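Trainee: Residue-level listing of the chains:
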Amino acid sequence: MKVINETIKLHTKGNPDLINITDKVAGLLEGSKLKKGLVTVFVIGSTASLTTFEYEPGLIQDVQEFYEKIIPQNKHYHHDATWGDANGFSHLRSSLQGSSLSIPFDEGRLLLGTWQQVVLAEFDNRPRDRKIVVQIIGE
Amino acid sequence: MKVINETIKLHTKGNPDLINITDKVAGLLEGSKLKKGLVTVFVIGSTASLTTFEYEPGLIQDVQEFYEKIIPQNKHYHHDATWGDANGFSHLRSSLQGSSLSIPFDEGRLLLGTWQQVVLAEFDNRPRDRKIVVQIIGE
Amino acid sequence: MKVINETIKLHTKGNPDLINITDKVAGLLEGSKLKKGLVTVFVIGSTASLTTFEYEPGLIQDVQEFYEKIIPQNKHYHHDATWGDANGFSHLRSSLQGSSLSIPFDEGRLLLGTWQQVVLAEFDNRPRDRKIVVQIIGE
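Residue numbers (this note's numbering), protein chains in the order written: chain A, 38 to 176; chain B, 38 to 176; chain C, 38 to 176.
Next comes chain A alone, as it looks inside the complex (with noise of 0.2 Å):
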């Protein structure tokens, strides 16, 4: 058994940007060698999240609307008064959605499915620079 800590590095656009990262984790865990095990996917920060869903034009306009229907952005949070960022909705939004999610894979592949990318959603309301850790744990 190792344990592998890598980082994936992204600017993004602000809110609502919504980054398949797929490709990037699946490559990471390539480089690993590991075979069989539990990856664990990470963002680093309080105004962003990871999911997981079907990664096409249609849903992405679904996700941006659903995040925007229960939280929206032109709304007065308490957090805003505190350091007058007025990014409160970011805040809740990643509270909600989670910082992390844990993936097994086997023979060396991640065990998601074909319609199930890993998605970075940015919420914070400026582009930021995000690093997010891979973690690789098997043998």
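A hint or two may mislead.
[Unchecked claim] Residues from chain A shown here face chain C by an in silico Cβ test under 7 Å; the list is partial: (1) 40; (2) 83; (3) 115; (4) 170.
[Claimed, not checked] Distance windows between CB atoms, simulated: (5) 162(C) - 119(B): 41 to 49 Å; (6) 105(B) - 150(A): 23 to 31 Å; (7) 118(C) - 121(A): 45 to 53 Å.
[Claimed, not checked] Simulated crosslink set (DSS-like; lysine-lysine; CA at most 25 Å straight-line): (8) 50(C) - 168(A); (9) 61(C) - 73(C); (10) 72(A) - 46(B); (11) 112(A) - 106(B); (12) 39(A) - 50(A); (13) 73(A) - 72(C); (14) 106(C) - 112(A); (15) 39(A) - 46(B); (16) 70(A) - 39(B); (17) 39(A) - 39(C).
Because the hints were derived from the structure by calculation, they are not lab data.
Since we're looking at a predicted model, the values are computed, not measured.
Positions of the beta carbon are idealized from the N, C-alpha and C atoms, including for glycine.
Following the hints, complete the assembly by docking chains B and C onto the known chain A.
Mentor: Same frame as chain A, but now just chains B and C:
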């Protein structure tokens, strides 16, 4: 330390089928003979999820009504236009709720609460054959 | 590779108590002497959750108001009829938000952002004694 990948296969009835798989997961853990470590439960596909709740009829109905409230079935989603299969709501629910659970175990037993069951949530709008990966890492 | 199971015990005030447990988790990691691996934080029970957010008074209030908006306390839930304990909302919030967090660590430190705290969300409608499993897998 060892890593073991097992699979649970289930036939579901389609949305809003909520299936208690706690005993199946616990049985696979028992079969592994491992005593201390981490179980990751992961559903392959983009229209189902895993969650935990007290599996009793009242709460089952509450969970179903909650999903119907925040992501209604009878609404048009952009995804529906992509494939014409009218299951945009299924994808959105799955992306929100998530594909995996992480459950520590000790002395060969899952560290769940008495009223904390592992539940597969089938969100797709038709019956499906599901594969759920149960990965056991430990010693 | 080793696996270590530790427990944090907390007394909560009942909903909507949000408790920052980052230092406790980091302290257990430091005590383990492990340098690289995965921390899984898991709350036992079906009426609490774990999440991450910037732990400051404005956002604490935003998170509380968000849960009250999507899963209101003063509404009848079917679960309430089952046990007569009026905490159906607590169970629904817990099922949505989730019971666990997965956090990679390296050089003996959790790979959290500066404003990304580990928070126990107590949703139950009365004070509770909580047990939170902190599992450290690594080398």
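Trainee: Next, verify each hint and record whether it holds.
Mentor: Hint check results:
1. 40: At 5 Å from the nearest chain C Cβ, residue 40(A) passes the 7 Å test, so the hint holds.
2. 83: Since chain C brings a Cβ to about 5 Å from residue 83(A), closer than 7 Å, the hint holds.
3. 115: holds (4 Å)
4. 170: holds (5 Å)
5. 162(C) - 119(B): 41 to 49 Å: holds (43 Å)
6. 105(B) - 150(A): 23 to 31 Å: Given about 24 Å between the Cβ atoms, the range holds.
7. 118(C) - 121(A): 45 to 53 Å: At 47 Å between Cβs, range holds.
8. 50(C) - 168(A): violated (36 Å)
9. 61(C) - 73(C): OK: residue 61(C) and residue 73(C) at ~18 Å, within 25 Å.
10. 72(A) - 46(B): Holds. Residue 72(A) to residue 46(B) sits at ~23 Å (cutoff 25 Å).
11. 112(A) - 106(B): OK: residue 112(A) and residue 106(B) at ~21 Å, within 25 Å.
12. 39(A) - 50(A): Roughly 35 Å separates the two Cα atoms, so the pair is violated.
13. 73(A) - 72(C): holds (22 Å)
14. 106(C) - 112(A): Holds - the C-alpha atoms of residue 112(A) and residue 106(C) are around 14 Å apart, at most 25 Å.
15. 39(A) - 46(B): Violated, at roughly 29 Å.
16. 70(A) - 39(B): holds (17 Å)
17. 39(A) - 39(C): Status holds; Cα separation ~11 Å.
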